[in-house]
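Input sequences plus hints: build the corresponding full structure.
Number of protein chains: 2
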Amino acid sequence: MADATRERIKEYAREIGYIYNRRAASLRTSRSGIVGVVVHDIMNPFFAEILRSIESELDRSRQTFLLSNHYDQLEKQRTFIDTLLQLGADGVIMSPAIGTPAQDIRLIEDNGLPVVLIARSVEGAKVPVFRGDDAYGTSLSTNHLISLGHTRIAMVGGTDQTSTGRDRYQGYVNAMEKAGLEIRPHWRFPGPRTKQAGFEVAGAFLALQDKPTAAVCWNDLVAIGLMNGIARAGLVPGVDISVTGYDDLEEAAIATPALTTVWNGQREVGRRAARVLLDRLNGAEVNRSQQLIKPELHVRQSTGKPKER
Amino acid sequence: MADATRERIKEYAREIGYIYNRRAASLRTSRSGIVGVVVHDIMNPFFAEILRSIESELDRSRQTFLLSNHYDQLEKQRTFIDTLLQLGADGVIMSPAIGTPAQDIRLIEDNGLPVVLIARSVEGAKVPVFRGDDAYGTSLSTNHLISLGHTRIAMVGGTDQTSTGRDRYQGYVNAMEKAGLEIRPHWRFPGPRTKQAGFEVAGAFLALQDKPTAAVCWNDLVAIGLMNGIARAGLVPGVDISVTGYDDLEEAAIATPALTTVWNGQREVGRRAARVLLDRLNGAEVNRSQQLIKPELHVRQSTGKPKER
DNA sequence: CTGAAAGCGCTTACAG
DNA sequence: CTGAAAGCGCTTACAG
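If you read the protein sequences in the order shown, they are chains R and E.
For the first sequence, UniProt numbering assigns the number 1 to the initial residue and increments by one for each residue that follows.
For the second sequence, UniProt numbering assigns the number 1 to the initial residue and increments by one for each residue that follows.
Careful, some of the hints might be misleading.
Identical copies carry no separate label here, and so any pair may be met within one copy or between two of them.
Claimed, not checked - Pairs of lysine to aspartate or glutamate residues, derived as EDC-like cross-links and limited to a Cα-Cα distance of at most 20 Å, are as follows:
1. K305 to E250
2. K76 to E57
3. K307 to E182
4. K76 to E55
5. K76 to D59
6. K76 to E49
7. K211 to E182
8. K294 to D210
9. K294 to E49
In short, the hints are calculated from the structure, not lab data.
The following block contains the structure:
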């Protein structure tokens, strides 16, 4: 068939409103052009920034992406994975829910869907993982505070239930120990990773007898919430209490005061994860190991010398 | 077949890893269980809050939702709609991109997908619309500022290209005119609806000879950005300059100072839009008119009496 | 009531 | 090289 004829037919098809049926095609070819993306919560700007770069990467390969939040509920995650399998998705990018067993990852792969993990790893799962080097990251911010002269430093937000949480805490502990500083258990405020949570910690934090002069926060949201709480109590963040964040969201630079934080390479994580998945879809053999993206400290106005020594 | 037998078979199917093929089923029944949701940008917490309530509503009916951002690009929106048609989606909930013609909505409906609009309406499209009463909303915040004694009031952020933008500006104009106050063109700062944009307006705003004592902002993001900019310039928002937001995001209550804003019923919008779509999917005849959700003023600390008269 | 057959709209392997 | 047929995995209408 001549190209001109082909074009004329396409033109005519468009005219009469023909719609290509992807279900039928997919049934026949067992390729759907759908990639699943599962994260904790798209309302979290950290994931939103990752999603954007995944989106722009997948767009180029004309893959449709199917998004879901699992809110750290294994059940919700499994339901979504099931939906992906039923729809014949081609692959999955996921930030696994807390407690995801390696077995769940295996099951997806056994059903023919390549998996790429982001942000969190799963012990024992043999798939590519892209995440920041969290322990290194919090050691950067903790060391920065130590070098300013702080000795009583708190850790606010996060949980021990994720690899990220454990690593970020470890980085803080490493830096403190290396500097010979004391780590008091009640200086740690575990909790959700939201502004609201940071805001709510402020009261307890400021009421401590042996009140720390600085806080390493789990992420920017917690840090901004904590700063809001400190400001609400009539103190000045960055002057009375130094605060560091994590992620370097777009918002960090315009917070008041501008937030000292750790750039976590979310753009990079999304882009690389999407590319590796596309490579796997094209049958390429890829590196099934953990790829740590090196974080960087961005110093702004929320940290300064301690007021009292 | 007895129920017990049916259960045993299901059990066995699960055991051997049987996966129900929804593409095949959908090909046969022409029902896919997929609902498309298109918004401007999921990174915007306003849409994120709407999406949450849509999600929880659709979850109950076991509908999968396929999400996409159009970033106000008609082309991106059309591509996504095309994908939905090809996948045989059952319906669409959308916040239409700027410039969406009624024809585009018709085309979707003609292909058998019921459409429900949220947040914005499309002139001439005969489909249900759920949005806040924007003109009424900004008149609430403007009147609040007027009653505090402000006479020079600016409008920051937004665009005339959307029904929402025009209505919010109109509400401000109405309130100003009713109070016999002057509306100066350079007191209007149109612009994107982001924190960044609000932050960047602060400089020009504060440099005005006839500087307003208050600003009605397009949404909470713009308001929080503007407040950050005001604080960065050494002034105190809520004392030196009064600021109002719009939406009442979760964040508004923990901003510094806590933001006076207009609750915009995003939960309500999402919930009702999802329900009406589900009703349409079940063949029910629904009200194809615009449903305005009545906004409410939430007064907090970012507004006060004008400092100078 | 039960079971085999037809058909949804594609793609691909195969016969002519 | 071209065109008709088979088949992906379901559901439903129909014959027995």
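Comparing the hints with the structure gives:
1. Taking identical chains as interchangeable, the C-alpha atoms of K305 and E250 are never at most 20 Å apart, the minima being 25 Å within one chain and 33 Å between chains.
2. For a Cα distance limit of 20 Å, the shortest separation of K76 from E57 across copies, 14 Å, qualifies, whereas the shortest one inside one copy, 26 Å, does not.
3. Taking the shortest Cα distances, K307 and E182 sit within 20 Å of each other inside one copy (19 Å), while across copies they are farther apart (48 Å).
4. For the homomeric pair K76 and E55, the shortest alpha-carbon distance between copies (12 Å) is at most 20 Å, but the shortest distance inside one copy (22 Å) is not.
5. For the identical chains of this complex, K76 and D59 are inter-copy neighbours only, at 10 Å across copies versus 26 Å inside a copy, given an alpha-carbon limit of 20 Å.
6. Proximity of K76 and E49 under a CA criterion of 20 Å is satisfied inter-copy only: 19 Å between copies versus 22 Å inside one chain copy.
7. For the identical chains of this complex, K211 and E182 are intra-copy neighbours only, at 13 Å inside a copy versus 52 Å across copies, given an alpha-carbon limit of 20 Å.
8. Taking the shortest alpha-carbon separations for K294 and D210, neither the intra-copy value of 34 Å nor the inter-copy value of 49 Å comes in at or below 20 Å.
9. Taking identical chains as interchangeable, the C-alpha atoms of K294 and E49 lie at most 20 Å apart only when both belong to the same chain, with a minimum of 17 Å there against 33 Å between chains.
Violated hints, listed in ascending order, are 1 and 8; each of the other numbered hints is respected by the structure.
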